[in-house]
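**Q** These are the residues of each chain, in order.
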Amino acid sequence: MAEEKETKSIDQATIEMIEKADQDGVRMVFSRAETTKACPIGVEGSCCSNCAMGPCRVPLPKGKEETPEEKKKRAGVCGATAETITARNFLRKIAAGAAAHGDHGRRVAEAFLLAANGESPEFQIKDEQKLLQLALDLGIDIGDRSNNEIATDIGETLIKEFGKQKGELLFLKRAPLKRQEIWREQGVAPRGIDREVVEAMHRTHMGVDQDYQNLLHQGARTALADGWGGSMITTELQDILFGTPSPVFSQINLGVLKPDEVNVIIHGHEPQLAEMVAVVAQDPELVAYAKSKGAKGINLAGMCCTANEILMRHGIPVAGDFLQQELAIVTGAVEAMVVDVQCIMQGLADVASCFHTKIITTDPRAKMEGATHMEFNDRNATESAKVILRAAIDNFPNRSQNVRIPDNRTGLIAGFSHETINYLLGGMFRASYRPLNDNIINGRIRGVAGVVGCSNARVTHDDIHVTMVKELIKSDVLVLQTGCAAMACGKAGLLVPEAAKYAGEGLASVCEAVGIPPVLHLGACIDNSRILIAATAMVKDGGLGDDISDLPAAGAAPEWMSEKALTIGQYFVSSGVFTIFGVNWPTLGSKEVTDFLFKDMEKLYGGKWAFEPDPIQAAKLMIEHIDMKRKALGINKARERVLYDMEMRRELESV
Amino acid sequence: MDYKVEEKSAPGRNKVEVLGATFEAGKPEIGGEDGRWRQKLDTREEKLKYLQTGERYWYSKEWFGSEKRKNPA
Chain V
1 MAEEKETKSI DQATIEMIEK ADQDGVRMVF SRAETTKACP IGVEGSCCSN
51 CAMGPCRVPL PKGKEETPEE KKKRAGVCGA TAETITARNF LRKIAAGAAA
101 HGDHGRRVAE AFLLAANGES PEFQIKDEQK LLQLALDLGI DIGDRSNNEI
151 ATDIGETLIK EFGKQKGELL FLKRAPLKRQ EIWREQGVAP RGIDREVVEA
201 MHRTHMGVDQ DYQNLLHQGA RTALADGWGG SMITTELQDI LFGTPSPVFS
251 QINLGVLKPD EVNVIIHGHE PQLAEMVAVV AQDPELVAYA KSKGAKGINL
301 AGMCCTANEI LMRHGIPVAG DFLQQELAIV TGAVEAMVVD VQCIMQGLAD
351 VASCFHTKII TTDPRAKMEG ATHMEFNDRN ATESAKVILR AAIDNFPNRS
401 QNVRIPDNRT GLIAGFSHET INYLLGGMFR ASYRPLNDNI INGRIRGVAG
451 VVGCSNARVT HDDIHVTMVK ELIKSDVLVL QTGCAAMACG KAGLLVPEAA
501 KYAGEGLASV CEAVGIPPVL HLGACIDNSR ILIAATAMVK DGGLGDDISD
551 LPAAGAAPEW MSEKALTIGQ YFVSSGVFTI FGVNWPTLGS KEVTDFLFKD
601 MEKLYGGKWA FEPDPIQAAK LMIEHIDMKR KALGINKARE RVLYDMEMRR
651 ELESV
Chain R
1 MDYKVEEKSA PGRNKVEVLG ATFEAGKPEI GGEDGRWRQK LDTREEKLKY
51 LQTGERYWYS KEWFGSEKRK NPA
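Residue numbers (our numbering), protein chains in the order written: chain V, 1 to 655; chain R, 1 to 73.
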């Protein structure tokens, strides 16, 4: 039995809470994953339910080669082939992910405009430098204008990106010049964020686009509208409003909950509410109110990507990742779990019904049966946050004796935005990626890998992330992380400088010299756009080719589960990155579609997909790819170091 | 600052006194201010200047790199 439990997670706090849930008779994600088997047809993208003549199932025959006649018969009632069906399903998932990030971005842009116009006095421009940066990007006049005047122009310009009908998204100009040309050649430079999502939905409707390659190119365009559009806009506006992240020390895991305080968990993705709750939780009046109810104070902790947002900007501890949301309630010590959008399990309400925890929904787009809805209002943010916290405090006396908080919490450093990496490598006088590029060229750092994405109950929780990342850093690959992937490595102690002990000699020496961990936390899943900018800076700095596809770099989402992860993967591939996913792969129902994604895309976009559930094998594929890129750049062999004297230098300069 | 003096063995000599380490010991505080660097830039001019140097690939003409080679390939 114990062995079976251990296979569900490598994290001790998670294992302990799964045991408690079993004792308490609580059903949650890990037990549901055992009883609800994954649909074998859906998992490979071979089911079409886009019209009422279906659903049509067109699975690939198992255990035998398909004859051409059999393949011809493998079609939906309308005649849609397995290729069309699989590509349509893949594109719809990308559209859903782009819509999620885009809608997050739109809400942030709306809040940004309210702040700029003085209609939301609680939110102010916190990072003037980022504001000026965007003004330069967007060609907005700076002069002697006030920050709010500049911000209004920025907000109005960027909110139009969502509904833009023609031209190109403005942030595409940030990409390497060669990359921009590739997008134009392929006809996938996105016009507007919403337009690409709507067109993807139209083209996958019954009887529209029936060419799988054409569908997959729209997949690239829709995903790019996320990475270089919706996600990038979100990251930048959040930085202006709440501050560009810089390194901050904090703690992670369920052990950050406190037995004698009102524990409030903020869960979801959009940071406006969390930012305000973080401020209000320190209000002496509310702290006194908590004490009047018998608590020693208010303990705020984050969950999922909202956790990453308030971790990076305030150092607020992280209670856990996506798979730990129900487990936090199982501790019996959480007075309220405040949720907004994305990755909120409906099972929360059921788990909460076994304890005193209040589930508080705050966004009109995401309500939940069994939860209390307390809408968060940007225009009256402080009062909204206070009402929510009071509800949590009022619930403290209802806490039962059935409380067990695991004694597991790990230190971590987060907040390595592109700007901070640039600053740390070069300093204030000449911030630069040069030291990184030089150390890649001289071989101390073999390459760079982005290991991002979710956690997934179909695989051993955290194990795949941690195993892959350890293998990469052992091989001198610097790892950049976001989302729940970063949390897995945080819990495993990889996000601190001391983790250099797990790194190869070369990477460890660079980390020690710069004073950074070998695994860098760059933020929430929306912040994968930071990795795009970091990769662009590496290209532009020189010595590593002319395009992102030339870099000795690779990406992975080894425990992915959400559609957003696929969108992120597709925008990395379409930006020239070799990207490998684990768990399962949603196009295996069509060899042609899979071949296009795994092989042909590289010829067209410079990046390609791969699928490998084994983390060591996946890391090896990434390293193999990095080595291939090193060879192409001519930096795969150690060169004899020659110390030039003045005479030799003069000779060199006269050539 | 309190300097600590340590005795060390030196080759070919008797023990010598050297100044000890002066770094701050211990771990950073949770949510502490140690890593905050952007606040070092104060005025708008300083911030714009930093963008031109630090983020020169996008906001300055004075840089060399893959897209602006000193010696064109």
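These aren't lab readings, by the way, just hints derived from the structure by calculation. All values derive from a computational prediction rather than experimental measurement. Just so you know, not all the hints are guaranteed correct.
Computed beta-carbon distance windows for the label pairs [claimed, not checked]: (1) R:F64 <-> V:M201: 53 to 61 angstroms; (2) R:D42 <-> V:E624: 54 to 62 angstroms; (3) V:G411 <-> R:K68: 57 to 65 angstroms; (4) V:P55 <-> R:S60: 51 to 59 angstroms; (5) R:F64 <-> V:E65: 41 to 49 angstroms; (6) V:V642 <-> R:E67: 26 to 34 angstroms; (7) V:Q213 <-> R:K49: 42 to 50 angstroms; (8) V:I616 <-> R:K68: 22 to 30 angstroms.
Chain R is faced by these chain V residues, among others (derived, beta-carbon under 7 angstroms) [claimed, not checked]: (9) I125; (10) K126; (11) S250; (12) Q282; (13) G542.
Built from N, CA and C at the ideal position, the CB exists for glycine as well.
**Q** If a hint holds in the structure, say so; if it doesn't, say that too.
**A** Results of checking the hints against the structure:
1. In this structure, R:F64 and V:M201 break the distance hint of 53 to 61 angstroms, their C-beta atoms being roughly 45 angstroms apart.
2. At about 48 angstroms, the CB distance of R:D42 to V:E624 disagrees with the hint of 54 to 62 angstroms.
3. Hint check: V:G411 to R:K68, Cβ distance near 42 angstroms, so the stated range 57 to 65 angstroms is violated.
4. The supplied range of 51 to 59 angstroms is met by V:P55 and R:S60, whose beta-carbon atoms lie about 56 angstroms from each other.
5. For R:F64 and V:E65, the Cβ-Cβ distance of about 56 angstroms falls outside the hinted range of 41 to 49 angstroms, so the restraint is violated.
6. A hinted range of 26 to 34 angstroms for the beta carbons of V:V642 and R:E67 is consistent with their spacing of about 29 angstroms.
7. The beta-carbon spacing between V:Q213 and R:K49, approximately 48 angstroms, falls within the hinted interval of 42 to 50 angstroms.
8. Take V:I616 and R:K68: their Cβ atoms lie about 41 angstroms apart, and the range 22 to 30 angstroms is violated.
9. The beta carbon of V:I125 is not positioned within 7 angstroms of any beta carbon in chain R (closest approach about 12 angstroms), and the interface hint is therefore violated.
10. Using the Cβ-Cβ criterion of 7 angstroms, the hint placing V:K126 at the interface with chain R is not satisfied: the shortest such distance is roughly 10 angstroms.
11. Restraint check, V:S250 versus chain R: the minimum CB separation of about 5 angstroms is within 7 angstroms; hint holds.
12. The closest approach between the C-beta of V:Q282 and any C-beta of chain R is roughly 11 angstroms, which is over the 7 angstroms cut-off, so the hint fails.
13. Against a cut-off of 7 angstroms between C-beta atoms, the interface hint on V:G542 holds, since the closest Cβ of chain R lies about 4 angstroms away.
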